[in-house]
Amino acid sequence: MQDDEEILDTNRAINRHSGAHIDPYEHYHRFNRKEYDDFTTIDWVRDRTRYLKRHRSLKFDEKKGWWNWIVSSHDAWSGWLIVSGVGILSGLCAGLIDIGTEWMTDLRLGVCPQRFWLNKKACCWSSNLTTADNDCPEWLSWSQIFGIMSSSASIFAFEYFVYVLVSFLLGFLAAVLVRDLAPYACGSGIPEIKTILSGFVIRSYLGKWVLLIKSLTMMMVVSAGLSLGKEGPLVHVASCCGNMLCRLFPKYRQNEVKKREILSAAAAAGVSVAFGAPIGGILFSLEEVVSYYFPLKTMWRSFFSALMAAIVLSYINPYGNGHLVRFEVSYDMVWHLFELIPFIVLGIFGGLYGAFFIKFNIMWSNFRKNSALKRFPVAEVVVVTVVTALLSYLNPYTKENTSSLIRHLFQQCDQSDSTPLCNYINNGTYVINTNDRANFPTLPAGPQVLRSLWLLALAMLLKAFVTIFTFGIKIPAGLFIPSMAVGACFGRILGVAMEQWYYYNPDTFFFKLACHPGRVCVQPGLYSMVGAAATLGGVTKMTVSLVVIMFELTGGLQYIVPIMFAVMTSKWVGDAFVEGGIYDGHIRLNGYPFLDSKEEVKFTANASEIMQPRKPTILVTINYNGNTVGSLLELMQECPYQGYPLVYSSESQQLIGFITRKDLKHRLDFALETNSNITVESKVYFSDKIPAQHDPSPLLLKEIVDLTPLQVTLETSFDTVLDIFRMLGTRKVLVIHKGRVMGLITKKDILRHIAASTDQDPGAIQFH
Amino acid sequence: MNYAFLFCLIALLIKLSAGQFSNSRCICVCPKDTEYTKIRNVFIKVVESTQNCTCSKAVGLPDIFCLRCQCKFQTRNMGINQGVVIFVLVVLALLLLYLTYSIYEKYARKELPRNSQMQNQQNLNTESISNRIIRFRTNWKKQLTEQQNNIYVRHNMLS
Chain V
1 MQDDEEILDT NRAINRHSGA HIDPYEHYHR FNRKEYDDFT TIDWVRDRTR
51 YLKRHRSLKF DEKKGWWNWI VSSHDAWSGW LIVSGVGILS GLCAGLIDIG
101 TEWMTDLRLG VCPQRFWLNK KACCWSSNLT TADNDCPEWL SWSQIFGIMS
151 SSASIFAFEY FVYVLVSFLL GFLAAVLVRD LAPYACGSGI PEIKTILSGF
201 VIRSYLGKWV LLIKSLTMMM VVSAGLSLGK EGPLVHVASC CGNMLCRLFP
251 KYRQNEVKKR EILSAAAAAG VSVAFGAPIG GILFSLEEVV SYYFPLKTMW
301 RSFFSALMAA IVLSYINPYG NGHLVRFEVS YDMVWHLFEL IPFIVLGIFG
351 GLYGAFFIKF NIMWSNFRKN SALKRFPVAE VVVVTVVTAL LSYLNPYTKE
401 NTSSLIRHLF QQCDQSDSTP LCNYINNGTY VINTNDRANF PTLPAGPQVL
451 RSLWLLALAM LLKAFVTIFT FGIKIPAGLF IPSMAVGACF GRILGVAMEQ
501 WYYYNPDTFF FKLACHPGRV CVQPGLYSMV GAAATLGGVT KMTVSLVVIM
551 FELTGGLQYI VPIMFAVMTS KWVGDAFVEG GIYDGHIRLN GYPFLDSKEE
601 VKFTANASEI MQPRKPTILV TINYNGNTVG SLLELMQECP YQGYPLVYSS
651 ESQQLIGFIT RKDLKHRLDF ALETNSNITV ESKVYFSDKI PAQHDPSPLL
701 LKEIVDLTPL QVTLETSFDT VLDIFRMLGT RKVLVIHKGR VMGLITKKDI
751 LRHIAASTDQ DPGAIQFH
Chain F
1 MNYAFLFCLI ALLIKLSAGQ FSNSRCICVC PKDTEYTKIR NVFIKVVEST
51 QNCTCSKAVG LPDIFCLRCQ CKFQTRNMGI NQGVVIFVLV VLALLLLYLT
101 YSIYEKYARK ELPRNSQMQN QQNLNTESIS NRIIRFRTNW KKQLTEQQNN
151 IYVRHNMLS
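The listed protein sequences correspond, in order, to chains V and F.
Note that the UniProt record's numbering has the first sequence beginning at 1, numbered continuously upward.
Note that the UniProt record's numbering has the second sequence beginning at 1, numbered continuously upward.
Among the hints, a few may not be true.
[Stated by the list, open to error] Calculated lysine-lysine pairs in the DSSO-like style (CA-CA distance at most 27 Å, straight line):
| no. | chain 1 | residue 1 | chain 2 | residue 2 |
| --- | --- | --- | --- | --- |
| 1 | V | Lys512 | V | Lys53 |
| 2 | V | Lys208 | V | Lys251 |
| 3 | V | Lys121 | F | Lys106 |
| 4 | V | Lys374 | V | Lys359 |
| 5 | V | Lys374 | F | Lys106 |
| 6 | F | Lys57 | V | Lys121 |
| 7 | F | Lys141 | V | Lys208 |
| 8 | V | Lys374 | F | Lys142 |
[Said to hold, decoys possible] So the derived label-pair ranges between C-beta atoms look like this:
| no. | chain 1 | residue 1 | chain 2 | residue 2 | range |
| --- | --- | --- | --- | --- | --- |
| 9 | V | Glu600 | F | Tyr101 | 33 to 41 Å |
| 10 | V | Phe158 | F | Trp140 | 29 to 37 Å |
| 11 | V | Pro696 | F | Tyr98 | 28 to 36 Å |
| 12 | F | Tyr107 | V | Asp719 | 55 to 63 Å |
| 13 | V | Trp77 | F | Ser56 | 54 to 62 Å |
| 14 | F | Val46 | V | Pro113 | 12 to 20 Å |
[Unchecked claim] Covered stretches of chain F (in silico footprint by chain V; criterion: 3 or more residues with CB under 8 Å from a CB of chain V, positions within the stretch not fixed):
| no. | region |
| --- | --- |
| 15 | 40-50 |
| 16 | 82-91 |
| 17 | 130-144 |
Please keep in mind that the hints were generated in silico from the structure rather than gathered at the bench.
We put the beta carbon where it would ideally sit given N, CA and C, even for glycine.
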């Protein structure tokens with residue numbers, strides 16, 4: 001047991017002097033910049049320890065002189081510096097994307113020849129001939145530019161053609177740019193960000209090319225009229241900004257755990273700019289993406305980051321209304337208790353739609369992955385784009401861009417609104433006062449309203465079906481906006497129905513109880529809002545953050561309770577059919593190693609049932625003594641595992657520590673390459689004690705031994721092991737029985753066990 | 001360095017365009033139920049100051065109809081829009097140029113990679129800018145191939 005004490009002694013020595021000493025990993029890093037391989041999980045425990053050591057050594061040096069003091073202070077505030085930078089950068093990106101999208105969207109309809117960079121609304125902004133929704137002479141449609149005026153049929157055909165053509169060009173270009181310049185830019189990115197934050201490594205997923213291409217193609221695909229949104233991808237864009245800034249500071253560049261703290265703040269900034277909802281962003285980051293490992297400090301960082309992002313975005317003013325509220329509602333009437341029943345209906349609809357969407361989207365994605373379709377990614381994008389454009393043009397509600405449809409549906413009808421949806425019959429008996437919106441009485445719906453309700457229903461069906469085929473094609477695609485559009489259409493239809501019911505039967509008892517004659521009783525816009533929240537809740541299974549995002553998005557502080565109500569109903573109904581939201585579905589589909597901290601454990605097992613290896617295979621270990629470089633290389637060749645426990649002897653199997661394959665391989669190769677004294681015959685020592693006589697010269701590998709591997713016994717229950725993995729974020733746990741190492745459990749074993757007990761394919765989980 | 005350059009470009013564009021096209025308008029919304037406003041009830045007029053934004057001056061209706069109209073004075077600044085749209089177009093054009101160049105390279109000059117490798121070996125010590133670009137591109141292409149394999153060939157992520 002002399003060795004034992006020696007290990008302990010040297011360990012203490014390191015701890016005592018670690019302030020003054022160099023980090024043992026320091027020189028290791030110089031040669032091995034990429035500490036983790038692509039598609040592996042990081043070791044939170046180890047990285048956290050490394051961070052603490054580094055911190056302590058900086059603190060120790062601080063007293064040595066003013067320069068060290070500056071270095072240390074700079075290190076201390078670099079976290080805040082980065083998050084403010086992330087906020088500013090993602091605000092700028094979002095502003096750019098918003099403005100670019102607004103301009104590009106109207107490119108399908110026509111152009112503003114005098115100032116080509118203006119969209120239709122901005123082009124007609126100061127035209128004195130414009131009405132609220134009609135064209136102005138400054139804006140020219142494509143048929144006017146090409147001089148096609150002969151008949152209304154030819155104008156229609158030509159404009160239809162140009163609309164589809166421009167959509168096709170934008171979609172095709174976007175797909176090609178993504179394929180040839182940055183394939184990782186495709187998809188929404190939220191499932192991947194979630195997995196990355198839970199400790200997975202995907203190299204160059206957050207690189208600058210992805211940032212550039214994703215920002216650019218996002219504008220193009222939204223403008224191509226595809227049924228997708230740019231809100232989810234903005235989270236990815238913000239995370240790319242965070243990753244880029246991390247590279248500038250050694251504290252974050254070298255430590256994957258610290259980097260993830262910044263990324264979680266970046267996700268908050270992303271949602272903050274996507275919806276103009278800073279608080280919603282923070283809650284989103286807490287509810288959706290952040291797992292157990294993060295300290296509360298991250299929340300303040302997210303807060304600050306979201307704040308900076310919101311400030312920058314509101315300075316850029318992309319919505320042109322001077323503030324961040326994107327779908328502003330101007331009404332503030334009270335809602336009535338009886339309306340909770342229609343809100344429940346909306347919640348049920350949202351839950352059902354969510355379940356339907358998740359089920360079929362995952363099914364279709366699975367089909368895409370495993371059929372001939374996977375060989376034609378660009379063609380698929382083009383086909384979806386053209387079909388969407390062909391169908392969308394025929395319906396005025398799908399022809400316009402989806403976020404303006406949602407904005408329109410959330411509004412109430414007032415006198416400036418002469419769209420068909422607000423075509424109420426006003427026979428002049430009511431005097432409408434602009435300043436008193438609550439006194440706007442309920443009016444009978446005109447024929448135009450009924451017609452537009454039919455069109456809305458068709459628009460809803462189109463969006464609901466097309467989005468299933470759109471989410472997952474190889475271009476940047478988010479699903480917040482299309483999901484909300486489906487709910488907004490349904491909500492508006494239900495709202496108008498309720499309103500007309502009130503108009504024709506004001507004596508029904510609940511109307512009589514709650515409503516005042518001559519005043520607004522039912523507000524269709526509110527139903528639309530609640531419906532949008534319910535469907536989005538059904539698809540993503542978000543709750544708290546969704547409600548906050550909705551009220552920040554609309555400014556309707558009054559309507560928190562109805563939205564909460566509908567979101568909760570929707571989650572209940574949805575959970576009855578499909579477990580987990582769409583992002584969890586895609587995480588499972590791709591087999592990412594993600595341990596959901598919200599999931600409950602419903603099955604029992606012991607550590608012995610999940611550990612590797614099973615009998616009769618025996619665990620491969622490395623003995624403390626008697627190794628040569630050659631024997632270790634041979635061992636690695638024969639048993640290609642991720643790591644090997646270090647034991648005193650193969651008879652006792654008494655555990656000393658753990659050595660990862662990557663460390664061992666790298667150190668052996670490095671020593672063989674650079675040091676000519678070391679040959680295959682060289683003895684390898686895992687301690688400081690070297691015999692005086694040695695030829696060829698020995699290799700000391702003490703620093704790659706992890707002396708603190710986590711251990712459980714054979715009888716430890718599965719949920720305890722799961723909690724160790726979830727809370728500590730470790731990569732592996734060693735299983736001990738009567739002091740002997742019996743096996744080990746990795747994250748993959750845990751995930752496979754969960755998959756097997758929930759009737760999923762355990763083979764889908766490929767990554768560690 | 002690249003970022004600094006990009007940032008300067010954006011700043012320059014915003015600087016150049018700011019203030020050039022800022023303008024203001026007066027928008028009046030009137031009820032639809034009078035004989036004057038049956039066809040059209042939204043009136044917009046370009047005015048310079050908020051004093052001129054009254055219903056009688058901007059719409060020109062008889063005073064009695066103006067009572068129920070609501071007039072708002074609004075200003076805007078389209079400079080940022082101009083800068084952003086031009087910036088986006090420039091970046092898009094550059095990317096497309098690069099894309100066509102790399103496609104051309106791929107199909108028409110298949111011997112190029114060998115040449116560049118030889119150059120690389122020759123001038124390893126005195127690294128010129130062109131070499132750095134080539135090295136950067138080779139690195140980047142390696143990354144890109146890896147990404148393409150993951151997504152379009154192996155389909156193990158983002159599907």
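Right, here's what the structure says about each hint:
| no. | hint | verdict |
| --- | --- | --- |
| 1 | Lys512/V / Lys53/V | violated, 71 Å |
| 2 | Lys208/V / Lys251/V | holds, 20 Å |
| 3 | Lys121/V / Lys106/F | violated, 43 Å |
| 4 | Lys374/V / Lys359/V | holds, 20 Å |
| 5 | Lys374/V / Lys106/F | holds, 23 Å |
| 6 | Lys57/F / Lys121/V | holds, 24 Å |
| 7 | Lys141/F / Lys208/V | holds, 14 Å |
| 8 | Lys374/V / Lys142/F | holds, 22 Å |
| 9 | Glu600/V / Tyr101/F: 33 to 41 Å | violated, 55 Å |
| 10 | Phe158/V / Trp140/F: 29 to 37 Å | violated, 43 Å |
| 11 | Pro696/V / Tyr98/F: 28 to 36 Å | violated, 53 Å |
| 12 | Tyr107/F / Asp719/V: 55 to 63 Å | holds, 58 Å |
| 13 | Trp77/V / Ser56/F: 54 to 62 Å | holds, 59 Å |
| 14 | Val46/F / Pro113/V: 12 to 20 Å | holds, 19 Å |
| 15 | 40-50 | holds (count 7) |
| 16 | 82-91 | holds (count 7) |
| 17 | 130-144 | holds (count 3) |
Hint compliance for this structure: hints 1, 3, 9, 10, 11 are broken, all remaining hints hold.
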